[in-house]
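Enquirer: Letter by letter, the chains look like this.
Number of protein chains: 4
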Amino acid sequence: MLEALKEQVLKANLQLVEHRLVTFTWGNVSGIDRDKGLVVIKPSGVKYSELRAEDLVVLNLDGEVVEGKLKPSSDTPTHLYLYKEFQTIGGIVHTHSPWATSWAQSGRDIPSLGTTHADYYHGDIPCTREMYADEIAEQYELNTGKVIRETFQHLDPRDIPGVLVNNHGPFCWGEDALTAVHNAVVLEEVAKMAYHSLMLNPSLHPISGVLLDKHFFRKHGADAYYGQ
Amino acid sequence: MLEALKEQVLKANLQLVEHRLVTFTWGNVSGIDRDKGLVVIKPSGVKYSELRAEDLVVLNLDGEVVEGKLKPSSDTPTHLYLYKEFQTIGGIVHTHSPWATSWAQSGRDIPSLGTTHADYYHGDIPCTREMYADEIAEQYELNTGKVIRETFQHLDPRDIPGVLVNNHGPFCWGEDALTAVHNAVVLEEVAKMAYHSLMLNPSLHPISGVLLDKHFFRKHGADAYYGQ
Amino acid sequence: MLEALKEQVLKANLQLVEHRLVTFTWGNVSGIDRDKGLVVIKPSGVKYSELRAEDLVVLNLDGEVVEGKLKPSSDTPTHLYLYKEFQTIGGIVHTHSPWATSWAQSGRDIPSLGTTHADYYHGDIPCTREMYADEIAEQYELNTGKVIRETFQHLDPRDIPGVLVNNHGPFCWGEDALTAVHNAVVLEEVAKMAYHSLMLNPSLHPISGVLLDKHFFRKHGADAYYGQ
Amino acid sequence: MLEALKEQVLKANLQLVEHRLVTFTWGNVSGIDRDKGLVVIKPSGVKYSELRAEDLVVLNLDGEVVEGKLKPSSDTPTHLYLYKEFQTIGGIVHTHSPWATSWAQSGRDIPSLGTTHADYYHGDIPCTREMYADEIAEQYELNTGKVIRETFQHLDPRDIPGVLVNNHGPFCWGEDALTAVHNAVVLEEVAKMAYHSLMLNPSLHPISGVLLDKHFFRKHGADAYYGQ
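Residue numbers (the UniProt record's numbering), protein chains in the order written: chain A, 1 to 228; chain B, 1 to 228; chain C, 1 to 228; chain D, 1 to 228.
No wet-lab data here; the hints were simulated from the structure. Note that the structure is a prediction, hence the values are computed from the model and not measured. Each hint should be verified, as a subset may be incorrect.
Note: identical chains are not told apart, hence a pair may lie in one copy or across any two.
Straight-line alpha carbon distances no greater than 20 Å define the calculated EDC-like cross-link-like pairs of lysine to aspartate or glutamate that follow [to be verified]:
id, residue 1, residue 2
1, Lys36, Asp223
2, Lys47, Glu18
3, Lys11, Asp176
4, Lys214, Glu130
5, Lys214, Asp134
6, Lys11, Glu50
7, Lys214, Glu67
8, Lys214, Glu141
Build the full structure now, drawing on both the sequences and the hints.
Expert: The structure is reproduced here in structure tokens:
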């Protein structure tokens, strides 16, 4: 069932290791088949070096396991909620990658300070508000999805394919699982460079809307002219 | 004698290299067999690339060598003291890993700024007070253990499986030698991210007790639900 | 056609990966045959791991493709403009290498703080002014070349073989494509060290003209005495 | 001639690459045979990947080449002067390793902030004064040695086996070439950690003399008890 999707989600999970975004098992990638309404996600706590396609867990959007012998990622309710709320996305990745997590812990949005940022994120990368005690105590992972949704009430997830969960770390997404990982790598690079730029010049402002548009639409949309 | 423990302690020592926690011979791991009251520890100053299981030294808790041709780690008295005082631990690791050591040299506790921290350390990671001249001049390594013990007078070593020795570097522990190394890797990541978060936002406070509990008990104790 | 130049430009592009200057496809190198007036450049958006000499694109200085089935780098107009304006250069490289890009995003010139800098760059490495909205909206890549040219109105590109484009990242050059990459590696090292030196001592000034001359002319010009 | 010394100096030069202390050819190691009064040093500007024992240059202390077809390192006069002035040393290494060079560019001594430092350097690692214009213009490399000597007028090079040359980078030494490289690796680690400790706590003071002594003499001198 969903063999091609499983292979892609497996590949996307293993790319987290190649791109040095994960320590131990601190990350997970999922992908969705919108037609069937089924999500494929990494099992909880399984080492990447031992992960095989058949270990991946298939769930429906109600969170019921349809296939797989292992427990799904503990972050599954966050993934499922985001798939339901963000209809245009096809893959989600969560990591504790160090630069993005450092920003998440700081509670600050990552300002768009350059064209590397603008090539993939059409504006600042927001950090969620801190979660309330009752949101943490009950249905924590579902509420993590809700606070992301709240942060995006005036944003399109296609324009800003990632978020920093306050005190926690990044979630990224994309049209499929591999694109989500791509956006997670970009986020880590952008987070690192924004940190150093701000240390060199604490009064920096985000780049102009004209430059932001120029670079984002070089790579996205009908008038994109980057690549073959 | 203690072949399985030796193999585990050897593996744990070699993991320090894989995880890039050591330069040269600046680290050591030990494990204890509580039933027999015997500790297995790395020999002093031996290169990791040449270390074999038969090089490891076996001592009793009085510090008498029971097996092994080489001198044990010069930090052995610290390890033995901690095994005696912290009855719940089964493995100890000491390194000069750069991020944790940078914090140790700064004299600051590492505040719990995010969920990566809370997943393994149930509160701030304390830095000991500086040692007095007489504690350094005589029985220095034993007194290093005592100042760690003093720092934990109101803390449970199972809740906070590591410490920063002021002006020196980290000691971590766990239920066995491999878990101790795992906690040392976590400490290094947490130290790195806390540094960058504080540079981005110097007025940060630790996360709430509710979030700290949520994440620590996702991975520890009777109600843990992370992993298989 | 231009087989030797293509091999060199291919090698130079692949060196970007070896020296860890690029993430994904974020970089491009070109080289020029001055006699023929032809430029060889990387195709747009092609992965380095799949890049072959026959994929490279040959253009004349009017931007007309003379050979090659793929679209040239989207930054081609910048390269062509620089070849026309800087008659002494034979190769150009553009990357988003993280340290140089962090400086570019900060809007600051990199001051010449040491002999590593002076060995290759005979003075501060300038950051361009920000581009105006109309320069971005139309002929953006050509105007990127023009703002670099403007920055060098009183500088010789042989003395300072690189620049930071504000809000964007570095362009470097040299007598050929391989030298341009060499200068890009130097820039990244110099950017990293200047950052840390300034954090340690924010009131630093550039080194003296005597020391700058001494090191630059140890490696460049008629009286050079470094190397064989 | 001096085959064993050449092999050691070759190995020491190659260790610079293994320990990531050099970019391109930015480093050199030498060793001395005190009985014969001959120094073996890396040739100038030769790539490490192509360096062979027979490429090394043998000189007497007057700077006359005794064996070797290549030009010796351009820093040779600094090495020779130090061998003459520091009679107890047997090997010297110069690099532009990034952390030590960042400190050298800042003009600051590296304070002894922890036991990693104290294990190898018995006190702060000094940064020389800036060199005067006439010292740079004529006999620059010889004068570099002289300014190092001046910095050590009240220091024993066996206690502090390295120095930061202001605006330039580190020189380290030891009883032989391999020990010199060992000390250069230590310097780089110590420089990195001191930087981060000071950023966390800018008002830090060096560790106490008691702790400094304890660690230095654990590894050095008649009462050393570290290692086998």
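Enquirer: It remains to establish, for every hint, whether it holds in the given structure.
Expert: Consistency of the hints with the structure:
1. Lys36 with Asp223: Neither. Shortest intra-copy (32 Å) and inter-copy (34 Å) distances fail the 20 Å Cα cut-off.
2. Lys47 with Glu18: both (14 Å within a copy, 16 Å between copies)
3. Lys11 with Asp176: So Lys11 and Asp176 pass the 20 Å test inside one copy only (12 Å; across, 33 Å).
4. Lys214 with Glu130: between (33 Å within a copy, 14 Å between copies)
5. Lys214 with Asp134: between (43 Å within a copy, 11 Å between copies)
6. Lys11 with Glu50: For Lys11 and Glu50, both the intra-copy (13 Å) and inter-copy (18 Å) Cα distances are at most 20 Å.
7. Lys214 with Glu67: neither (44 Å within a copy, 28 Å between copies)
8. Lys214 with Glu141: between (37 Å within a copy, 11 Å between copies)
In this structure, the earlier hints numbered 1, 7 are contradicted, and the remaining ones agree with it.
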